[in-house]
Amino acid sequence: MVVQALRDNGVAHIFGYPGGAVLPIYDELFQQEDVQHILVRHEQGAGHAAEGYARSTGKAGVMLVTSGPGATNAVTPLQDALMDSIPLVCITGQVPTSLIGSDAFQECDTVGITRPCTKHNWLVKDVNELAAILHEAFHVATTGRPGPVVVDIPKDVQFAKGIYTPPQTAPRTSYHPKIQGDMESIKAAVELMANAKRPVIYSGGGVINSGAEASHLLRELVDLTGFPITSTLMGLGAYPASGPAWLGMLGMHGTYEANMTMHDCDVMLCIGARFDDRITGRLNAFSPNSKKIHIDIDPSSINKNVPADVPIIGDVGRVMEDMVRLWRATARTDKARLAPWWEQIEKWRARDSLAYRPNDEIIMPQYAIQRLYELTKHRDTYITTEVGQHQMWAAQHYGFEKPNHWMTSGGLGTMGYGLPAALGVQIAHPDALVIDIAGDASVQMTIQEMSCAVQYEAPIKIFILNNQYMGMVRQWQQLLHGNRLSHSYTEAMPDFVKLAEAYGGHGIRCEKPGDLDDAIQEMIDVRKPVIFDCRVANLANCFPMIPSGKAHNEMLLPDEATDEAVANAIDAKGRALV
Amino acid sequence: MNAHLQPTGSAYFIAKETEKPEAHTLSVLVDNEPGVLARVIGLFSGRGYNIDSLTVSETEHEKHLSRITIVTRGTPHVLQQIKHQLERIVPVHRVNDLTVRAAELGHDRPLERELALVKVAGTGEDRVEALRLADAFRASVIDANTEHFIFEITGRVSKIEQFIAIMKPLGLIEVCRTGVAAMNRGPQGM
Chain Z
44 MVVQALRDNG VAHIFGYPGG AVLPIYDELF QQEDVQHILV RHEQGAGHAA EGYARSTGKA
104 GVMLVTSGPG ATNAVTPLQD ALMDSIPLVC ITGQVPTSLI GSDAFQECDT VGITRPCTKH
164 NWLVKDVNEL AAILHEAFHV ATTGRPGPVV VDIPKDVQFA KGIYTPPQTA PRTSYHPKIQ
224 GDMESIKAAV ELMANAKRPV IYSGGGVINS GAEASHLLRE LVDLTGFPIT STLMGLGAYP
284 ASGPAWLGML GMHGTYEANM TMHDCDVMLC IGARFDDRIT GRLNAFSPNS KKIHIDIDPS
344 SINKNVPADV PIIGDVGRVM EDMVRLWRAT ARTDKARLAP WWEQIEKWRA RDSLAYRPND
404 EIIMPQYAIQ RLYELTKHRD TYITTEVGQH QMWAAQHYGF EKPNHWMTSG GLGTMGYGLP
464 AALGVQIAHP DALVIDIAGD ASVQMTIQEM SCAVQYEAPI KIFILNNQYM GMVRQWQQLL
524 HGNRLSHSYT EAMPDFVKLA EAYGGHGIRC EKPGDLDDAI QEMIDVRKPV IFDCRVANLA
584 NCFPMIPSGK AHNEMLLPDE ATDEAVANAI DAKGRALV
Chain C
308 MNAHLQPTGS AYFIAKETEK PEAHTLSVLV DNEPGVLARV IGLFSGRGYN IDSLTVSETE
368 HEKHLSRITI VTRGTPHVLQ QIKHQLERIV PVHRVNDLTV RAAELGHDRP LERELALVKV
428 AGTGEDRVEA LRLADAFRAS VIDANTEHFI FEITGRVSKI EQFIAIMKPL GLIEVCRTGV
488 AAMNRGPQGM
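In the order they appear, the protein sequences are chains Z and C.
Mapping of the first sequence onto this note's numbering: position 568 corresponds to residue 611, and the numbering continues sequentially without gaps.
Mapping of the second sequence onto this note's numbering: position 103 corresponds to residue 410, and the numbering continues sequentially without gaps.
To be clear, the hints were calculated from the coordinates, so they are not data collected in a lab.
Even glycine gets a Cβ: it sits at the ideal position worked out from N, Cα and C.
Be aware that a few hints might be false.
Covered stretches of chain C (in silico footprint by chain Z; criterion: 3 or more residues with CB under 8 Å from a CB of chain Z, positions within the stretch not fixed) [to be verified]: (1) 379-389; (2) 398-406; (3) 413-420.
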């Protein structure tokens, strides 16, 4: 019945790990060919792989794990998917109904543990409800603001025979996300935009989640209005990095021009983003003189951190559609009105805030990302990342042109996300080039999934910017804790080349900038999972940066970031924040 | 620099709250299914909201609907967040801020009633006084012997609190309160 429900919901691949309490489902999987099961090496890997699969396809990712430890290991990816709004359906086995509550072997209160880290969850006690609940799970996960769901199925229910009901739409009366935006609010927004002198568009992951059409509409809206656009980490790719209106990413490690534009604007159009603390910096100094229009499908996102002057609740794609239509009918782009604003932006841009000092001897991490970009940009390339400095460098220096091609753990910041996510992306897109831009510390959290990649001949490329440090931790220790590098240096680093070979993959090491291009080309050409150990400058730090407790216009730029400036950047009050 | 001397605090930027907290009564209509109360309570504890009072019971049996009444405290901004966060819960049908609605209807506050069972033990003068006061508060005796009374009292929260305070020196043994049940005046539904 479970497999039939998966089939009826269009599932082609699931990621999982068997165990006692899910054996009946595994037995069914064994006897069919429609749904392909990918055997991971750890349940966390299954979750992140399903997330990567979901984010690169726009469909729900599905994972299947056993009770007890299987379910608890799934908690990290569930919370990750919740914070980044990724549709993820997690099916967990449970001990038989009669044993629930008896501390049975591999029992845990799965629905209790996962309640706060899912959009909704279910414990199925009657086999006749199983099909309806599974269909509802897919419906809840993929509609409205997408998110993770858990369906916990006791073993006796898996064995039981019952009546299968085919999927119906919206069986539950209490759940009805608002899709269409309020027309009056959209009119007010367009009017505000038409009269703006210093506008900016700030877009987020919601545009990606809304589907390809939303990204298309965003581009149309930018072209139509002539407004500059910046985006959050999660929103990269919705507007192409090569587009003329692109300012780069904003926020803590965003570009100078993006943050200054946000700070000085008079009208801010926020589309599918949530004013996260990494974006806003000091809240009471965040864009002090602007009227804010906020489009979001989730009413609780509006006014949560930053008050909105014109809130619009609805699917960003639908709202932008109305907005574009209304703009065409009523407003005209006045290039002259925006000219002084663009002049100012160009001045900020000229500060070249992503600059770094090139080096002939040592590979600078920024250089490594830039070369990776140059050598992969003409292919269908998907990038995933772990979490840390390498993630920020990837976001800053890799040019994302298309939506759904960038997978990263934004909200939760999960180290170990990138490798399994890359696996999930590769399963969904077997012919694409899938690269996990990794750090030497993060990658070791889920390195076991190399084994899975080898098993399924998924030729993912793990491009490690190896500086032997937990770089972002060290950067904070330098900034905030008197350069006392407490436990952020990895003294015993594995030999990544040998490790790759041990798993049956291909290992590459590169230490000189001159060898980098050939090595990257080799990585691309090998039709095998590759671990690329890219030895980069050990002590490079990630700039520009808004130090904690500071505003957008108080950024620390790389050319100003001398040791002294870094030491003085954050006062005692700011130190407690971070 | 001594790390332990540095101010401790949240890992994030926290703005000083300048708005004044208010007490509001929320009425939440939910599907009566397993775990729904845990979802609501978990939301409050997980996001650091306050609960002053909470009652829940099935109100429409055939539709499987339950009504949860929550008295909570927060700044207007936090109260708005609470409402929106509750609305995100899948089995939640409707969230009504009765306090806001009462103001819209031109009332001071919604109708709020609570029931309490109050056990008082004593002899002599105290016992007579307890019975006399109970009568003044329109509390009824639902159980008694020569040593004790159990009073049933209904009314506004303030009335019940006053009654309990008065009973304290007269031999108060035990109190059980239902929490607040509330709805708005007038013919309109929620």
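Now the hints, each set against the structure:
As drawn, the region 379-389 of chain C meets chain Z at 3 residues by the rule of a beta-carbon pair under 8 Å; at three or more, the given contact holds. Counting residues of the region 398-406 of chain C whose CB lies closer than 8 Å to any CB of chain Z gives 3, so the stated coverage by that chain holds, three being the minimum. With 0 residues bearing a CB less than 8 Å from a CB of chain Z, the region 413-420 of chain C misses the requirement of three and the coverage assertion fails.
Going through the hint list in order, the structure does not satisfy hint 3, though it satisfies all others.
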